[in-house]
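Whole structure, please, built from the sequences with the hints as guidance.
Chain residues, written in single-letter form:
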Amino acid sequence: EAAVTQSPRSKVAVTGGKVTLSCHQTNNHDYMYWYRQDTGHGLRLIHYSYVADSTEKGDIPDGYKASRPSQENFSLILELASLSQTAVYFCASSPDWGNTGQLYFGEGSKLTVL
Amino acid sequence: QQKVQQSPESLIVPEGGMASLNCTSSDRNVDYFWWYRQHSGKSPKMLMSIFSNGEKEEGRFTVHLNKASLHTSLHIRDSQPSDSALYLCAASMQDYAQGLTFGLGTRVSVFP
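One line per chain: the protein sequences are A and B, in this order. Per my numbering, the first sequence starts with residue 42, numbered consecutively. Per my numbering, the second sequence starts with residue 12, numbered consecutively.
Hints are computed from structural coordinates only; laboratory data are not their basis. One thing to keep in mind: the hints can contain errors.
Stated by the list, open to error - Below 27 Å or equal to it, Euclidean Cα-Cα: the simulated DSSO-like pairs (lysine-lysine) are:
1) K78/B - K106/A
2) K78/B - K52/A
3) K67/B - K98/A
4) K52/A - K56/B
5) K56/B - K78/B
6) K53/B - K59/A
7) K67/B - K151/A
8) K52/A - K53/B
9) K53/B - K98/A
10) K151/A - K53/B
11) K106/A - K151/A
12) K151/A - K78/B
13) K56/B - K106/A
14) K53/B - K106/A
15) K14/B - K56/B
Written out as C-alpha cells, the structure reads:
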C-alpha cells in the first residue's frame with residue numbers, strides 16, 4: 042500500500058515563529074498535495090506539486106510556502122505562524138492527474154499556534 | 012460558498028440499517044466524484060469513486076451519480092459500528108492537476 046509519512050505528528054508553535062512540516066512518500070508518485078482540515082471548513086488545498094523543484098498555489102496559499110526538493114519530499118513552511126493556522130495538516134500523494142488517481146494521505150500533523 | 016455541498020451534516024443509523032448520504036457540486040467544471048471515509052483521529056481513505064452516470068456497488072456500499080445535476084449519493088446497507096466515521100465527498104475540476112475539492116462531510120454514527 043502507498044506510504045506517505047509526515048513529521049512532526051504534533052507541534053506547538055508560538056505566534057510569529059517559523060514552522061516546517063515535512064512529508065515523505067515512497068510511492069514514486071509525481072503529484073503531492075498539502076491540505077488543512079478545520080471544523081467548519083473541511084479539507085482545503087494549500088499547495089501542490091507535480092514535479093520536483095516546482096510548486097503551485099492551491100485555494101488558500103496565503104501565509105504558506107511549499108518546497109519540493111525531490112520527488113519523494115514535500116514541505117510546508119509557515120514563516121510567521123499565526124493563531125488562525127492552528128489546524129490539522131495532511132500531505133497526500135497521487136500517482137496520476139488528480140481526477141483519475143486516488144489521493145493517499147499521510148497520518149496528519151496537528152499544529153497548535155499559541 | 013462551498014463548491015461541494017454535502018447533506019445531511021450528521022446521521023444516526025441503527026446497526027443493520029441503511030445510511031444515505033448526498034453530495035452536490037455547484038461548479039459545472041466538475042468531472043469526477045470520489046467518496047472518502049475518515050475515522051476519528053485518522054486520515055481520509057478513499058472508499059469509492061464514480062466517473063460515469065449510473066450506479067456502482069462494492070460490497071455494502073453503493074454509489075449513484077447523475078452528471079447532469081452534478082449529484083452523487085452514497086448508500087451503506089447493513090451498517091456496522093465500524094462504519095461510524097466522517098464521510099467526505101470530493102470532486103475534481105477540469106484543471107486536473109489541482110487534486111480534489113472536498114465537501115464538509117457527513118458524520119455517520121451507527122449505534123448497536
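Hint-by-hint comparison with the structure:
{"no.": "1", "hint": "K78/B - K106/A", "in the structure": "36 Å, violated"}
{"no.": "2", "hint": "K78/B - K52/A", "in the structure": "42 Å, violated"}
{"no.": "3", "hint": "K67/B - K98/A", "in the structure": "34 Å, violated"}
{"no.": "4", "hint": "K52/A - K56/B", "in the structure": "23 Å, holds"}
{"no.": "5", "hint": "K56/B - K78/B", "in the structure": "23 Å, holds"}
{"no.": "6", "hint": "K53/B - K59/A", "in the structure": "26 Å, holds"}
{"no.": "7", "hint": "K67/B - K151/A", "in the structure": "35 Å, violated"}
{"no.": "8", "hint": "K52/A - K53/B", "in the structure": "17 Å, holds"}
{"no.": "9", "hint": "K53/B - K98/A", "in the structure": "26 Å, holds"}
{"no.": "10", "hint": "K151/A - K53/B", "in the structure": "11 Å, holds"}
{"no.": "11", "hint": "K106/A - K151/A", "in the structure": "18 Å, holds"}
{"no.": "12", "hint": "K151/A - K78/B", "in the structure": "36 Å, violated"}
{"no.": "13", "hint": "K56/B - K106/A", "in the structure": "26 Å, holds"}
{"no.": "14", "hint": "K53/B - K106/A", "in the structure": "25 Å, holds"}
{"no.": "15", "hint": "K14/B - K56/B", "in the structure": "21 Å, holds"}
In the structure shown, a violation is registered for the earlier hints numbered 1, 2, 3, 7 and 12, in ascending order.
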